[in-house]
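Enquirer: So the protein sequences, as listed, match chains Y and R. All the letters of the first sequence, read from the start, carry residue numbers 2 to 575 under the numbering used here. All the letters of the second sequence, read from the start, carry residue numbers 2 to 275 under the numbering used here.
Calculated from the structure, these hints are not laboratory results. Possibly wrong hints are sitting among the right ones.
Far from chain R by the CB rule (all over 12 Å, computed), these chain Y residues [as the list claims (entries may be wrong)]: (1) 54; (2) 81; (3) 208; (4) 239; (5) 367; (6) 456; (7) 494.
These stretches of chain Y come out as covered by chain R in the derived footprint (C-beta under 8 Å, 3 or more residues) [to be verified]: (8) 438 to 445; (9) 470 to 482; (10) 497 to 504.
Simulated restraints on C-beta separations [said to hold, decoys possible]: (11) Y:401 to R:242: 52 to 58 Å; (12) R:237 to Y:387: 35 to 41 Å; (13) R:232 to Y:396: 54 to 60 Å; (14) R:242 to Y:87: 35 to 41 Å; (15) Y:246 to R:186: 17 to 23 Å; (16) R:76 to Y:364: 48 to 54 Å; (17) R:239 to Y:372: 51 to 57 Å; (18) R:186 to Y:87: 39 to 45 Å; (19) Y:397 to R:140: 43 to 49 Å; (20) Y:99 to R:188: 43 to 49 Å; (21) Y:60 to R:203: 14 to 20 Å; (22) R:237 to Y:87: 20 to 26 Å; (23) Y:101 to R:95: 24 to 30 Å.
Virtual Cβ for every residue (Gly too), placed ideally from N, Cα, C.
Take a look at the letters that make up each chain.
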Amino acid sequence: MTALSTEHPDQPSTLGSTHFNHRERIVMTRQTLITMLLAGLLSTPAAGQVTFERLLNADQEPQNWLTYSGGYSSNRHTTLDQIHPGNLDQLELAWIFQANSLEAFQATPLVVDGIMYLTEPVNNVVALDAKRGNVFWKYEHTPSAEARPCCGAVNRGLAILDQTLFLATIDGHLIAIDAVAGKPLWKTTVADPAAGYALTLAPLVIKDKVIVGVAGGEYGIRGYIDAYDANTGEQAWRFYTIPGPGDPGHETWENDAWMTGGASAWLTGSYDPDLDLTYWGIGNPGPDLNPAQRPGDNLYSDSVVALDPDTGELEWHFQFTPNDPYDYDSVQIPVLMDVPDNRGGTLRLMLWANRNGFFYVLDRETGRFLNGDNFVPVNWASGLDDNGRPVQTPQPPGATTFPGIQGGTNWYSPSYSPQTGLFYVSAWEAYGSVFEPQDQEYQVGRTFMGGRPANPFGAGANVPGLRRGHVNTWTEAAGGGAVIAIDPRTSQQRWRLPMSDVTSSGILTSASNLLFTGNREGYFHILDAETGNILWRKALGGMIANGPMSYMVDDKQYIAVAAGHSMFVFALPH
Amino acid sequence: MPKHTQFARITHTGPVISVLLTGGIALLILIGNPSRAVGQDHVGQYEQADIEFGVRLYGANCLRCHAETGDAVAGVDLRSGAYNRASSDRELMELLRTGIPGTAMPPNNFSDSELTGLVSYLRTMRDIDLSAVALGDNTRGSVLFTGKGACATCHRVNGLGPRTAPDLSDIGSIRTAATLQRSLLDPTGSMLPINRPVSATLSDGTVINGRRLNEDTYTIQVIDQDERLRSLDKSELRELSALTESPMPPATELLDTEEIADLLAYLLTLKGLE
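Next comes chain R alone, as it looks inside the complex (with noise of 0.2 Å):
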């Protein structure tokens, strides 16, 4: 197998490419529609070999900082793709290199190896994850998610929709084909903590139920039933519980395998406002 097609270039055409990666993992990625080219670039440009070097390497440089997500540094999202100072490789690698003088990013020694796998790394972690992933037909995709998927009965996408739920109007940007994938599979388990559904009791017996946004020792910011961000002074409420169970059901209850294949290609495409 040519060393490129170790990771699937995303194309206009090809319906199947099978990987073999080096660790002995399967990568399945079947391809559908043109539209899943956006942003994907960067797929098939890097050899495994470097970006697993790559991931060892930033579990080392950078994890400290930048956290496993890649989104710990305030206005750095390293999955975006986009950095404020770097737009080529070459400009990338040079950043890594000298790092960022009177901030916290340092300087390195990396050698040109060490250089190519963070940056086969890092301008894929958006796209890749080291387990099996199947994607199907976005344009399928698109209608189950408003028809037999029934997500768009609580998610919104692109103003259209109601709130109760995350908004995935850039879902296909922040999060790993293999993570969305597990969070259909197993929303419960796959739930972000931050994302929990909690219920507050107020002194006078009024029940809010919503999402929580954020939390800290004395407040929390939810987005209630009735889609208003109300931000809750503890001292102030009766009883307030988060519930660890994900009010989305799996999607194997109400999809087939190739259907959820169709609803991940499609959360794929939602790249926000470009």
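The following block holds chain Y by itself, in its conformation from the complex (with noise of 0.2 Å):
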């Protein structure tokens, strides 16, 4: 079995060290070659083949980045510490991927045994040396013109399993390629692009299964889950995120709001081994802005769902915004934490920062709520019940409510640090829309609103939205961004960093008590993850809309981070 190989010319191979004339030369290489061949059957796993069992403990293989979130448990958090508060000012950059799209980069790269996998926008995928960047192949999707993704045509990422690469796309299919070769070894279709589905998510892998979830809630789709075989592409099961006649769940829809209520996935989910359930956050529900239409709770919408990874049956959920009528996703990544309890046992914990301004601790055990607190300005609830369910307070016609129509917080990668035990996430501070919700008949393959969200200070005014420009033209008037951290034990803040704009950058913290975040106005910046204080910034000129991620190759670490429509990567000098 083969894999790419990083060595560099400049670093002669144990093979090329060796003096053969050139019959022995010949004769050595055949030799070495079926050495290489029986060595690749028989041991497992070899360079670059990434079993479940290291997917399992990605933690012990800090040098590799194996899943979109660094890890089962989605804590973003590296034990990579070369990289340390007495150094950054020798950081500097190692090597750029220039991407040729203009859309928004929004993918988390995968590291393993020195050759990175990224996705370059839209769903085209690269392999590249992770030391330098250079390009092995490069694998290009054309999506269909059938395809209409609400809010960007973006991509966030790939999985990986043995020598096997998944990439979902925004035209609906998942597609098996070969992390070799570049080339596709089977493609699925997981949804129909042309009634408003596509897939935006990096996929998740457990055991032998690629589990991906549907984008589509501004269209009025009927979201799902969905699991195939590695191997064969076959649907192994699906989990609808609305229940159907019959299933518990059902009664919180009235009439036939269910069959367009949204409910999508479009975020990649977490995974407990020990309870071997997968966590997955799930969509707003449609139309997004009119609760009138689709009354009831809307189960499972804006909710987290536990599922057995065999099956895909509910084990629990948990809703944050029932009925909602803000567009409130409750995507964001679930980040799993254990710390022990009084008993001498462990609690096994979710944490939760949601795009409706409030931050939630679980017991992931049972989807019981322990605590919460508001994390930005809220207006829509008074605050949290004792279950957890929020006490609503909808503002009167024509009155700003906050967090606006993109949240509190949103996609971006959240982070929780062992070493300082504090949660981070990347949030929009007092920033509102005036929702204006209106009747809407469904028709396939349309948006699905249900009104608008109208902005606050009138026309001739700006507000953040899904993008910006150089200038930013909405300033303090419309809210800004932060850094925010949290004490899990306590739901407060122990520390913000407020940014004049507001950010779309995921989080990354180390062993080194560093934290990596970006911003839109192009600023990628460290922080002490202790106190927030900002140890190194550099401007890279574009929107961060990913999260950094660390690598090492050689005992060198790296740091990489996509800004505009370029990857940076950072490492110290030789």
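Grab the two chains, each in its own frame, and use the hints to assemble them into the complex.
Expert: Structure (structure tokens):
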């Protein structure tokens, strides 16, 4: 079995350092080849061979980044500490990958034994030398013109199992790609793009299955999470995020609203191997802004669901925003962490900063609400009751609701550092929308918003949206961004770093107590994870909308972050 | 009233056209000068009901990316009336239907009537606003701009005048009549936050007064009182403040209602470099 190699001409290989005459060289080459083949067949895993065992123990190999969120607990924390507060002044650019695309760069790359696998917007895949940025191969998928993702032609990354990469496309396909050859192995249809379905997430591999969820909550879809056999692409199970007639939870919908009720699942879930449960955040109900068209709690929209990864059966659910009128998708990354309980056991927790502006701590064994509080100003609810259900306080017509339609946070990956015991989230603060619901008839493939989010400041002024240019045209009048550190024991803020503009960047923390993040202003900055003090920054010149990640090759730690239309990789000098 | 007069077609002759919108809001456009016709060809070509339908559709389908102002996507200003990939209404409808594959612009199964509504709004979004606007004589307005109105003491037009206040050379292309009227009547209330005057005190005590051009977490870019472009590192400032009150007085302090209508008509002729 072969693998891509990251050896370089200036680093002689073992074979190259031995002298043979021409004939011997041929013989040795043959022998070596046979030996390599045998070794590849008999030994597992070979380099670049990512078994499920390796995925389970991703924290044991911090030099690699094997899943979208860096491991099944999704804490985006690296134990690499070569880069630390004492040497940040030496941090320098190692290489840049420039995408042949002007779409937003939201992907987090995978790194496996010196090879980086990256999605170039929208659905191309490149394999790169993680040390130098040279491209080994590029796989190009041109999405169907029927694809209509609501909010940008984006992709957030890949999954890997053994030597196969898995790519989910905006035109509703799941494609398996040979990680060495860069050629597709199978391609299966997950969803119909003409009906508004899209796949924008990085898949999640559990055991021998590839799990994906669908986007399309703005198109009146009926959402689902699917699992496919990693070897064949055959569907293993489907979990509908809106229960059908006869299923528990169906009673939370009236009439036929469930058929077009949205509830997408467009960010990657997490997995607890001990409980053998996979956790997925579910998106907004549809039509987004008009709850009068869908009376009831609208399960499992705006919820987290705990599923059996073998069957897709629901173990438990927790709903953050019942009968949501504000498009508060609850697709955020479930961050898993354990703490000792008072009886010598372990509390298995799930930390969740929700788009609705509240931070939650849940017991991930049962879904029980433990504590929570708002992390940004909110006025749609006065608080959470003992069960974590919001006490809703709808604003009068024409009044501004906080947070606005993009939420207090969104797809931006949070981080949890076992080192500091703090949870970190990118937030939009003091940002609001005036929600104007309107009755809307569902039509296949059409946006199904049920109203519009109006600008609180009237015509002529902008508020933060999905995009921005080089000039910040909204400024402090429309809210700002922040990195917020929350103590999960109390749900209270430990510190916050306010920023002029809102932020779409994910967060990475390290064992050296560094926090890596960016913002829409194009800054990539490094903070002290204990205090929030800014230790280092670099203007990269384009919006940062992905999560920084870290890896190591040849004993050198790298930090990768995409900004604008390029991926920048930083490291210490030799 | 014939349908085609629901919105005022800008002509070379008509002094006054009064229209009643279906929403019950009166729109009064007083027409005074042939030059106003430039770039106004679309107003009057579209039914008011279609435009209002388009406003709704725009809010539900387009606003997330393009924003209310139509200029949130880099390189695309929906209010400019010029589109990179479509010139005729038919082409624009086709683009709305198919989207732009491989980009964030998705296809959409709009019906013919919806396409008509959207195009009606897109073609007129620069020119219409659902509030009362009175336009006067732009020639008189031009005189007021440099004279009694004292606008030219701070604003620059086509390379002439100071740069301390925003350059107005193309203001008639990038603002609606109603937005401009609000700016004249209530400068503070309608001042865009980015345009706020700032005062920065350097570590040596030097005070820089200027107008904000851009700002981020660590820096601020201004045009100072000496018309120099300055980029300041916030960490090196002793003090930084942005004023929420506009230095521009309300037009009513200097001009009467008719003169304000004249000035507004003049501002709408400012289309930038053609």
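Enquirer: Just to make sure I understand the rule, a stretch counts as covered if three or more of its residues have a C-beta closer than 8 Å to a C-beta of the chain. Does the stretch 438 to 445 of chain Y meet that for chain R?
Expert: Coverage by chain R holds for the stretch 438 to 445 of chain Y (4 residues, Cβ < 8 Å).
Enquirer: Taking the shortest Cβ-to-Cβ distance between residue 54 (chain Y) and chain R, state whether it exceeds 12 Å.
Expert: 38 Å, holds
Enquirer: Does the Cβ pair residue 246 (chain Y), residue 186 (chain R) satisfy 17 to 23 Å?
Expert: The hinted range 17 to 23 Å is violated for residue 246 (chain Y) and residue 186 (chain R), with Cβ atoms some 58 Å apart.
Enquirer: Beyond 12 Å from chain R, beta-carbon-wise, is residue 208 (chain Y)?
Expert: 35 Å, holds
Enquirer: Is 43 to 49 Å a correct range for the gap between the Cβ atoms of residue 99 (chain Y) and residue 188 (chain R)?
Expert: 44 Å, holds
Enquirer: Beyond 12 Å from chain R, beta-carbon-wise, is residue 367 (chain Y)?
Expert: 37 Å, holds
Enquirer: Taking 24 to 30 Å as the stated bounds, is the beta-carbon spacing between residue 101 (chain Y) and residue 95 (chain R) within them?
Expert: Holds - the Cβ-Cβ distance for residue 101 (chain Y) and residue 95 (chain R), about 26 Å, lies within 24 to 30 Å.
Enquirer: If I claimed the Cβ atoms of residue 237 (chain R) and residue 387 (chain Y) lie 35 to 41 Å apart, would that claim hold in this structure?
Expert: 50 Å, violated
Enquirer: Please settle this one: residue 494 (chain Y) was flagged as non-interface, so is its CB more than 12 Å from every CB on chain R?
Expert: Answer for residue 494 (chain Y): holds, closest chain R Cβ roughly 18 Å.
Enquirer: Within 48 to 54 Å: is that where the Cβ-Cβ distance between residue 76 (chain R) and residue 364 (chain Y) falls?
Expert: 49 Å, holds
Enquirer: Take a look at whether the Cβ-Cβ distance between residue 186 (chain R) and residue 87 (chain Y) falls inside 39 to 45 Å.
Expert: At 59 Å between Cβs, range violated.
Enquirer: Just to be sure I understand the hint, the distance between the Cβ atoms of residue 60 (chain Y) and residue 203 (chain R) should be within 14 to 20 Å; is that true here?
Expert: 49 Å, violated
This entry does not satisfy hints 6, 11, 12, 13, 15, 17, 18, 21, going by the numbered hints stated previously.
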